[in-house]
Amino acid sequence: MFFQQLINGITVGGSYALIALGYTMVYGILKIVNFAHGDVFMIGSFLGLFCMQVLGMPYMVAFPVAAIATAVMGILIERVAYRPIRVADSLAVMISALGVSIFLENLAMVLWGTGTHAFSGISGITITTYEFNKVILSNIQIGVIVLSILLMIGLYFIVNKTKIGVAMRATSHSIKSAKLMGINTDRIISFTFGIGSALACIAGMLVGIYYDAVYPLIGYSYGLKAFAAAVLGGIGSIPGAMLGGFVMGIVETLGASYISTGYRDAFAFAILIIVLIFRPAGILGKKEIDKV
Amino acid sequence: KSDSIKIGVAIPLTGASAQDGEAIKNGVKLATKLINDQGGINGKKIELVVEDDKGDPSEAATVANKLAQDKDISAIVGHFNSSCTLAAAPIYNQVGVVHVSPGSSAAAVSKAGDYTFRVITTDAVQGSSLMNWAVKDLGYKNIAIVYENTDYGAGLAEVVSKAAGDLNTNIVAKEAYEVGSTDFSTVLTKIANSNADVIIVGGLYNETALIAKQKNNYGLSKMQIMGVDAIYSDALIKLGGAAVNGVKLTGYFSEVSKDPVTQNFVSKYKEAYNNTPSTYAAYGYDATLVIIDSIKKAGIDRKAIRDHMATIKDLKGATGSNSFDENGDVIKQPLRLVIQDGKFTITEK
Amino acid sequence: MALLEIKNLQVKYGVIPALKGISFSVEHGEVVAIIGANGAGKTTTLHAISSIVSKSGGNVFFQEQDITNNPAHEIVAMGISQVQEGRGVFSNLSVLENLQLGAYLRKDKAEIARDFTFIYELFPRLAERQKQLAGTLSGGEQQMLAIGRALMSRPKLLLLDEPSMGLSPLITENIFRTIKKLNKENKMTILLVEQNAQMALWASNRTYIMETGQIVYNGNSKAMKNDDFIRKSYLGQ
Amino acid sequence: MDQILKTVNITMQFGGLTAVDNVNITQSDGEILSLIGPNGAGKTTLFNILTGVYKPTAGQIFYHGENITGLKPYQLVRKGISRTFQNIRLFNDMTTLENLLIANPDCKDEGVFESIFGGEKLKAKRRNVVAVCESILETLKLQDKIDELACNLPYGKQRLLEIGRALATGADFLLLDEPGAGMNSMEKDELAQVIHYITKDLKKHVLLIEHDMKFVMGISDRVVVLDHGIKIAEGVPAEIQNNQQVIEAYLGKGIPDDE
Amino acid sequence: MDKVQQFILKNKKIVSLLGAVIVLVLPFIVTNSYYLHICITVCIYIILALSLNLVTGYAGQLVLGHAAFYGIGAYTGALLMLVFHVNFFIALVGSAVVTGIFGLFLGIPALRLRGDYLAIVTLGFGEIVRLVFVNWKAVTRGPAGLPSIPAPEIVGFTLNGRTAFYYMALILTVFTVFFMVKLINSGVGMAMQTVKNDEIAAEAIGIQPRKYKLLAFVISSVFAGIIGCFYASYLSYVSPTAFVYNTSMTILTMVVLGGLGSIVGSILGATILTILPEMLRFLSDYRMLIFGALMVFMMIYKPEGFWGASKRRKNIYKINAGGTDHGSDT
Ligand SMILES: Nc1ncnc2c1ncn2[C@@H]1O[C@H](COP(=O)(O)OP(=O)(O)OP(=O)(O)O)[C@@H](O)[C@H]1O
Ligand SMILES: Nc1ncnc2c1ncn2[C@@H]1O[C@H](COP(=O)(O)OP(=O)(O)OP(=O)(O)O)[C@@H](O)[C@H]1O
Ligand SMILES: CC(C)C[C@H](N)C(=O)O
Ligand SMILES: [Mg+2]
Ligand SMILES: [Mg+2]
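For the record, the sequence lines run as chains Y, H, B, L and P. Under my numbering, the first sequence has 95 at position 95, and the numbering climbs by one with no breaks. Under my numbering, the second sequence has 56 at position 56, and the numbering climbs by one with no breaks. Under my numbering, the third sequence has 81 at position 81, and the numbering climbs by one with no breaks. Under my numbering, the fourth sequence has 259 at position 259, and the numbering climbs by one with no breaks. Under my numbering, the fifth sequence has 168 at position 168, and the numbering climbs by one with no breaks.
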């Protein structure tokens, strides 16, 4: 059972990781916690479903189309709700994000009803399971894990090895200084929100297909856990978000399977608190330099 | 005074239980429409005052205060979640206005006060009836319980455990999940490693559908799933597809019931909303019928309504015939249902 | 027309005016200094030119083009580069990355490499510390980095905001010599804001004096050095 | 003369970098001591060690003969050591007066119960605290900015306020890190007067870092020069100004008037 | 809003007198129990917002799990009354003590963590506390909650009318406001603010940041605990669903929307955010949709909050010391 649960944990962790990447990127650049990110994940999932169900796209098309649509939405959210108050206290932005979150949840309820929607029979992906030595693994589980690792590597490459990546890091340090380098910081910020939102959409669709469900409030618990995962790994760090997601998924799954399912989420948060007490900047986070 | 009769409706329209609140609202509206189309009660039309309690007890208290103070409101349909009913009941009872819950099945509601009624039986009734079926008639020996970690799910799980104890069967797994969970891999892996031969779900249709579907990924495709009326909803079948065929449940409402009142409800409901009613829509309908009957007989005085309601015997509704005991709890016998070819059907086995 | 021409420039912070309508110009190949007390609006002037703060009135012309409403990154692209007060280095990036960012808008790889060599010759300390995070450099080192970074964009006009702040006499001297050298040998036009009036007058051709958001005096730097009133009020002699 | 401060072989390393290398300095009673040296010489680092922000890699610090190595900044304040920062660190959301009030021991040691339910005794105490702080502000010519938020003061005034805050702690030993940075020559003159007042009238001790040689040489009794973390010279201003090593490392030849 | 603010500041005495009179005679004017209930709810949220404002607005420690303290207070009070049959007023003290201890407990990570890291820890703490309420069935009865919590009793006299609860809530609110105003303008309060502004500078003037952080956490949680106990008795029922993450976020929104670090702000924020959703009830299904949009709008419109701390202000410390100044910003 242990290995099976481990696989289960890694799969959940993979979806946390994908969402956490968005949190981490936005935080890294604007130092704000985008509380609406979990709901962007939900909308992304719905948009994917919409593409396949209503527009009849095959999943290979629906994935990029929905991801782009979600990216546009993310960019729009930043424009409307965050940009006007970027210079204000970061708590103001956080509350604005909370407003966006409430708005998106209720918008989804108005658009798609309050109920749960299935992906099966719509996505065209059938779940196939493979059994190795009593451990069962499905094609989608493999997809979630592989995709999240690939996307992380890609993102890490973008941020650390490309010009736009350096510009992102410069913007994250000081928008004013970055502007004086000739960086179009608004565009960099939009780009960041776009990427983060697209990732959330992909996560939303993978989760939707794998667990075969999406509903308007699904972003709440995924968002919360992914946020915690991003912090656990060291917010602002891309490999950190990844690692945080997996650790979180594995810990909650093992805790639930060997101790108590009722306390499942408590294990996730307990590991977060314990790790932070010993590593205040998260597992891979860098301590901020504070030269006096 | 006014030429209409006001009935309050306090249900969750946003939040995790919104889907059920919506169903109840439809049921209540249908009952109201039917009576209004016949000219209302003594020439007075019924007017609904609908309030959202979000499924949150604090909010329920606010809503209860709002409805209770409105002297024009004769009676209230509500609340849905037991926790909300328990938070709101003291307020209604203090003011002295009847509320009929269409969904709160927790044991504690029995003692909530003289003005508290419900058209759903307590979990104990359905829980033991379900276990009798599972153990005595179907012969299951090892029971796994999967329940939502709410007042409802935990309460039902307790009732089921107790019934299992009385019947000398084993509970081999008892696993909780948070409402809205989509990942049941952990729970199902645990069950796959127990030697359970049936899963009793203490939760609602959405999660039940997911459990039914996901269980196939863990080598549990043959596993029987059983539940109570909370899973009776078209959504279960829509979401669960083929995976929910064979799911067995107890309940009071069935679309295919031969009962004319039920059939009338089903056909009118389909006509009005273009989809099939869930069990909660039916309860909402019945709660309204109970109130309408009381107003018809006793007028709009709040106390008089209560006094009449306490005496109601065998009032025919969509969920069977309603009679109340001294606690305001409804007395009725559950049906046995099974899903066959994507349809809820009545069964004897 | 001059390289840079400011006409009736106004800036407000909230309701408080920081610039009350100033006009001045910088010719090709000149070093122009702005001196004045704390809070006079010197930094604000530079920020307004670079479009870091929004203007409430007036115009800025650069190479005869109205750039009043262009966004900051376009202004850099046109060839105006600013060394911020307090340096504004990217403390979480390495010295090397900071310099690379200076060349953010450039695509000419070979020329960039040449400029790296030039800057490392100008400031050997930076060459030694390429991998160090800029945030841990000392004040003087950061100032060198900030100037070096601004030069990496090969600006036509370099705006310098208090380059001597917190620097040792030797480094201050070096930096001012560098400024003169850049002006002479590389034909760079420089607008210099400075508290150290003595240095400013020495390094510049012309000087403006600002007080509470206005230009109150301007003249030839050499002449001003010998002006009794200036000596008394601004040079503390 | 009494010795206020003495460091013994203070060393500070950051990774591979030795920012302060075996430094021994002493300061006697009544003396204004200045610390100069090139940028990155380790002056601020030494201040951070003296005020407990960093723990030295090696060496000891004695204050009035007592070993204070490793004490925390807030503990050192209670021993009478206070400082200002190279990069101004005021409490920006608080007013000028509040910045001083909270530094005053009587104010910051108020208890919760006392502050809510305190009666006449508390009032009297507070009256005294306010009077003390207001007089400091007067000394610094900041009295007309008393209710201004600290962040809204001009830069030069902010530097003065930081000195005022250090004074308000009641410390006798003030470490000032580039107090004149960003000030014009008139403001620097005023600053020099303030420092004189602190040392000569209030009989407090000042150790300062400064890059303005006119200022340093005018005010200091003695000067210590650091370079690459090493003490390369120390002596009275005249000696230092003519020290060849110091000129090469730090002072430079100056810009001739006619250039 | 600015004009309103100025007007009120100018006519402070009259406005406060008028306010006091209205508040005192309210139950005689408003006989509608729903409105009175809203007023009581407003009081509850004012206390929650003020207590959160102390730790977040003044001491600068972002807390996303304030509802946990509220819940701990409610459960402690409920259990003391139900299981140990103690009087409400003793239960109130019990709740204060227990939540205070938990506040101290949560304050410890705050000593090591900064900003958003602390925020997520408090969020996690809040979730864990909720899960304990849900799963520790032997004590809390789990999700079923604790019904039939008695109303307060004074010398054999039960205070269970809406009016009685209103006055109790009012007294608690007035006391809290009094306490907070005194505290933030005292040495203790100013020390907390220095910690928010700059810990290194605070240490450099002899303030021990950890002491004041802990103090802020403890005081903040004590007040949340007290009002939690009141809530339990008022509603006569507690269940875990009242103390969820959403509640914490609502309280935080009140504080920020009102104006971080401003007492008037917290009071305003709590009042507006309690009443606004009630006024939007007519929108039924679109209520929360509009509410979310309004929240964004209000934040954009006034990022510093309705009553952001004004730029120039007087300090009460000085006034209490016998200074002649009469203005104050609270
Ligand atoms: N972001 C801001 N918000 C509000 N007021 C500001 C802001 N920045 C500057 N000011 C005010 O504008 C005026 C001009 O400031 P500025 O920084 O341009 O002066 P300066 O001449 O550069 O002074 P210094 O020599 O101190 O650098 C000052 O009164 C200052 O307090
Ligand atoms: N926290 C730190 N981590 C790494 N290196 C540091 C740190 N603090 C200081 N340094 C290094 O130590 C050396 C001394 O720095 P310090 O700030 O003490 O110089 P300083 O003499 O005060 O210079 P300045 O006059 O420019 O302020 C510098 O090379 C600096 O880069
Ligand atoms: C949540 C629902 C299933 C309602 C449930 N019957 C209750 O008693 O709360
Ligand atoms: Mg300036
Ligand atoms: Mg220094």
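These aren't lab readings, by the way, just hints derived from the structure by calculation. It is possible that some hints are incorrect.
Below, a list of computed lysine to aspartate or glutamate pairs in the EDC-like style, where the Cα atoms sit at most 16 Å apart [to be verified]:
id, chain 1, residue 1, chain 2, residue 2
1, L, Lys253, B, Asp228
2, P, Lys211, L, Asp227
3, L, Lys123, L, Asp106
Sample of chain L residues with no beta-carbon within 12 Å of chain B, all distances over it, derived [unchecked claim]:
id, residue
4, Asn9
5, Ala19
6, Asp21
7, Ile36
8, Asn39
9, Lys43
10, Arg78
11, Gly80
12, Arg127
13, Gly170
14, Lys200
15, Ile247
16, Lys253
Residues on chain Y that point at chain B, a partial pick, calculated with CB under 7 Å [unchecked claim]:
id, residue
17, Lys31
18, Arg83
19, Leu150
20, Ser177
21, Ser221
Even glycine gets a Cβ: it sits at the ideal position worked out from N, Cα and C.
To see whether the hints hold, each was checked on the structure:
no., hint, result
1, L:Lys253 - B:Asp228, "26 Å, violated"
2, P:Lys211 - L:Asp227, "39 Å, violated"
3, L:Lys123 - L:Asp106, "12 Å, holds"
4, Asn9, "22 Å, holds"
5, Ala19, "9 Å, violated"
6, Asp21, "15 Å, holds"
7, Ile36, "8 Å, violated"
8, Asn39, "2 Å, violated"
9, Lys43, "9 Å, violated"
10, Arg78, "30 Å, holds"
11, Gly80, "28 Å, holds"
12, Arg127, "34 Å, holds"
13, Gly170, "29 Å, holds"
14, Lys200, "22 Å, holds"
15, Ile247, "8 Å, violated"
16, Lys253, "8 Å, violated"
17, Lys31, "12 Å, violated"
18, Arg83, "14 Å, violated"
19, Leu150, "26 Å, violated"
20, Ser177, "4 Å, holds"
21, Ser221, "33 Å, violated"
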